[in-house]
Amino acid sequence: MIDLEAHLRRRRAEGRKLFVPYVSGGLDGEWVDLVRAFADAGADAIEVGIPFSDPVMDGPTIQEASVRSLERGTTPHTVVAELRGVSDEIGVPLIVMTYYNIVFRAGHRRFAQELAEASISGAILPDLPLEEVGPWAEAADEAGVATVLLAAPTAPDERLPRICERSRGFVYAVSLLGVTGERQSLATTAVGMAERLKAVTDRPVIIGIGISNAEQAREACSVADGIVMASALMRLRLDGASVQEVAAAARKVREAIDG
Amino acid sequence: MALAPSSPAPVMGNPSDDGRFGRFGGRFVPETLVPACQELEAAFRDAWGDPTFRAEFDHLLRTYANRPSLLSECTRLSEQLGLRLILKREDLNHTGSHKINNVLGQALLAKRMGKTKLIAETGAGQHGVASATAAALLGLECVVYMGEVDMVRQSLNVFRMKLLGAEVRPAMSGSRTLKDAVNEAMRAWVSDIADTHYLLGSVMGPHPYPWMVREFHRVIGDEAREQCRELTGADPDVVVACVGGGSNAAGIFSGFAELPSVRLVGVEPAGGAAVGRGVPGVVHGMLSYLMQDEFGQVQEAESVSAGLDYPGVGPEHSHLADIGRAEYHPVNDDEVIEAFQLMARTEGIIPALECAHALAWISRERASMKGQTVLMNLSGRGDKDVAQVQSILDGRLT
Ligand SMILES: Cc1ncc(COP(=O)(O)O)c(C=O)c1O
Numbered sequence: 411m412i413d414l415e416a417h418l419r420r421r422r423a424e425g426r427k428l429f430v431p432y433v434s435g436g437l438d439g440e441w442v443d444l445v446r447a448f449a450d451a452g453a454d455a456i457e458v459g460i461p462f463s464d465p466v467m468d469g470p471t472i473q474e475a476s477v478r479s480l481e482r483g484t485t486p487h488t489v490v491a492e493l494r495g496v497s498d499e500i501g502v503p504l505i506v507m508t509y510y511n512i513v514f515r516a517g518h519r520r521f522a523q524e525l526a527e528a529s530i531s532g533a534i535l536p537d538l539p540l541e542e543v544g545p546w547a548e549a550a551d552e553a554g555v556a557t558v559l560l561a562a563p564t565a566p567d568e569r570l571p572r573i574c575e576r577s578r579g580f581v582y583a584v585s586l587l588g589v590t591g592e593r594q595s596l597a598t599t600a601v602g603m604a605e606r607l608k609a610v611t612d613r614p615v616i617i618g619i620g621i622s623n624a625e626q627a628r629e630a631c632s633v634a635d636g637i638v639m640a641s642a643l644m645r646l647r648l649d650g651a652s653v654q655e656v657a658a659a660a661r662k663v664r665e666a667i668d669g
Numbered sequence: 002m003a004l005a006p007s008s009p010a011p012v013m014g015n016p017s018d019d020g021r022f023g024r025f026g027g028r029f030v031p032e033t034l035v036p037a038c039q040e041l042e043a044a045f046r047d048a049w050g051d052p053t054f055r056a057e058f059d060h061l062l063r064t065y066a067n068r069p070s071l072l073s074e075c076t077r078l079s080e081q082l083g084l085r086l087i088l089k090r091e092d093l094n095h096t097g098s099h100k101i102n103n104v105l106g107q108a109l110l111a112k113r114m115g116k117t118k119l120i121a122e123t124g125a126g127q128h129g130v131a132s133a134t135a136a137a138l139l140g141l142e143c144v145v146y147m148g149e150v151d152m153v154r155q156s157l158n159v160f161r162m163k164l165l166g167a168e169v170r171p172a173m174s175g176s177r178t179l180k181d182a183v184n185e186a187m188r189a190w191v192s193d194i195a196d197t198h199y200l201l202g203s204v205m206g207p208h209p210y211p212w213m214v215r216e217f218h219r220v221i222g223d224e225a226r227e228q229c230r231e232l233t234g235a236d237p238d239v240v241v242a243c244v245g246g247g248s249n250a251a252g253i254f255s256g257f258a259e260l261p262s263v264r265l266v267g268v269e270p271a272g273g274a275a276v277g278r279g280v281p282g283v284v285h286g287m288l289s290y291l292m293q294d295e296f297g298q299v300q301e302a303e304s305v306s307a308g309l310d311y312p313g314v315g316p317e318h319s320h321l322a323d324i325g326r327a328e329y330h331p332v333n334d335d336e337v338i339e340a341f342q343l344m345a346r347t348e349g350i351i352p353a354l355e356c357a358h359a360l361a362w363i364s365r366e367r368a369s370m371k372g373q374t375v376l377m378n379l380s381g382r383g384d385k386d387v388a389q390v391q392s393i394l395d396g397r398l399t
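In order, the protein sequence lines correspond to chains A and B.
When you line the first sequence up against our numbering, it's residues 411 to 669, in that order.
When you line the second sequence up against our numbering, it's residues 2 to 399, in that order.
To be clear, the hints were calculated from the coordinates, so they are not data collected in a lab.
None of these values were measured; they are calculated from a predicted model.
Among these hints, one or two may not hold up.
Restricting the straight-line Cα-Cα distance to at most 25 angstroms, the calculated cross-link-like pairs of lysine to any residue (SDA-like) are [to be verified]:
1) B:K112 - A:P566
2) B:K118 - A:T485
3) B:K118 - A:T598
4) B:K118 - A:V633
The whole structure should be built from the sequences, with the hints applied where relevant.
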């Protein structure tokens with residue numbers, strides 16, 4: 411399994427901005443091809459959503475993708491099983507993003523073990539904040555799976571170092587007050603959030619939520635170490651774009667942040 | 002010197018610092034909301050300990066909500082059922098249900114915190130109507146999220162909310178009922194947190210909501226206990242309430258939880274029996290019994306009553322079930338429709354479909370309570386349900 415944080419730190423040390431595109435796991439018959447295509451397009455890590463029935467941090471696009479995926483009979487196990495070996499093959503770390511009940515239901519140790527066995531490097535659980543993360547994070551640490559924590563603009567200054575301390579892999583900077591989804595422009599809070607985090611941590615700081623095009627990605631990367639892009643890419647796919655077309659959009663983002 | 006014996010922790014006392022009732026509860030929310038929940042908890046602790054706030058709340062309950070609510074003895078129904086049935090008349094509160102207690106408490110608190118806008122979710126529309134009412138009374142903006150399905154079956158309440166100056170936004174995802182309205186309200190809160198208070202309508206959600214909402218409803222149980230002693234000279238044998246999220250039940254149970262001889266019964270819809278059919282899970286910010294599949298996907302509840310159409314339950318109820326202090330039983334939709342008519346015909350009271358669940362259980366289990374005093378929480382009036390029941394009974398009513 412690729413060590414997520416070591417991998418990202420190495421890339422950053424090479425002077426590279428980090429690009430983390432997102433795929434909704436189980437969305438259609440070609441979703442794993444899209445994972446591979448994102449690797450070819452220059453992803454430094456790839457986030458894979460495990461659909462949940464009640465995604466409270468997600469806006470309309472990821473909700474729609476989740477519903478579509480669930481209707482195809484996707485389960486946490488089918489997503490993980492289809493990812494088995496993919497990370498080793500493409501040389502890019504994979505991170506699952508899902509909601510805590512999926513993990514809680516499976517059992518912390520069992521879920522962490524299952525991820526590790528499929529060479530999945532990390533997990534993001536947006537409804538599991540610092541105060542509640544303990545039991546899962548312990549099991550994930552033990553299995554070598556990085557628990558990426560989110561930091562949001564509402565956090566008072568004293569809270570940020572504690573989040574950065576407990577996060578593994580990178581710190582996920584929430585760009586704005588809101589849920590996932592495409593936005594017209596980069597939120598005014600985005601760069602400030604990255605600045606606040608960069609001031610208190612040495613871990614990679616990657617901005618996500620609402621980053622919608624190459625221009626916004628470049629702007630965000632003026633301070634942040636990288637960006638996550640989810641809804642904008644999934645919207646293309648939901649509206650019928652081919653794997654190649656979505657990958658081409660990802661490549662544009664890659665080129666924009668490479669400057 | 003002997004150590005003073007420490008008194009046992011009260012059954013429905015304060016949750017732990019991390020918001021737990023036993024193993025249930027907690028605060029499982031997006032990071033963005035954590036500071037807001039902490040701010041709310043601090044504000045509630047401060048307000049609840051402040052005699053000025055308590056007096057203000059009490060004043061509104063008495064002069065606006067019509068408290069104390071009556072206790073009514075059901076003479077004819079008692080005779081028919083072979084037990085002594087007493088009703089706590091939350092249906093006589095302003096806006097027609099118990100929901101007004103919590104709403105006035107939270108709206109006052111929101112104002113004290115300097116918030117200018119309320120958002121709320123609603124199932125049957127009762128909580129939405131109560132929220133819109135409190136917003137109008139206190140001069141706050143109000144947006145209510147309601148499942149699209151519920152907007153149809155409770156269209157009268159949608160219009161009421163609009164009349165009261167609130168905006169009603171449909172929740173179009175998932176089952177388009179209460180669960181999805183909560184999701185939508187939480188997303189809205191994440192997006193608009195600075196000047197907005199999320200006025201959650203039941204004893205559910207992240208800490209401090211389950212505790213705070215129960216405290217605002219405690220007045221139901223406190224009044225009922227004293228009224229019952231006055232009326233019968235004793236405590237009731239059984240206290241029965243319907244359970245959706247569990248706020249009216251928590252309110253009335255809290256007045257009797259410390260009296261071991263009083264049996265506490267929560268009645269769930271068979272299609273939304275979180276305690277009866279659920280396993281522990283996490284949704285809407287809390288760890289509690291939850292109807293879900295083997296992978297952790299939340300199941301859609303299915304009940305004739307929009308207010309009980311919810312796959313989860315407040316965490317304190319999960320705890321009360323775990324320690325055996327309260328029991329939870331299901332009734333099906335047919336039994337509920339029967340009970341709805343029974344109460345109308347026999348007592349001249351049209352109950353909300355929600356609390357018709359409580360009567361349905363009492364009626365079914367009456368043999369086991371022969372001669373006992375049964376206190377039922379009549380959580381709301383049934384005006385909102387008349388059209389729906391009419392369409393169900395169409396042709397059946399002679
Ligand atoms: C009259 C009435 N009773 C009960 C409920 C269920 O809520 P809870 O279980 O929180 O009391 C509702 C909810 O809409 C209601 O309107």
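Going through the hints against the structure:
A threshold of 25 angstroms between alpha carbons decides the hint, and for K112 (chain B) with P566 (chain A) the separation of about 22 angstroms falls inside it, so the pair holds. For the given pair, K118 (chain B) sits about 39 angstroms from T485 (chain A) by alpha-carbon distance, which is inconsistent with the 25 angstroms threshold. Among the hinted pairs, K118 (chain B) with T598 (chain A) is consistent with the structure: their alpha-carbon atoms are about 23 angstroms apart, no more than 25 angstroms. With a C-alpha separation of about 34 angstroms, the suggested pair K118 (chain B) and V633 (chain A) falls outside the 25 angstroms cut-off, and the hint is violated.
Going through the hint list in order, the structure does not satisfy hints 2 and 4.
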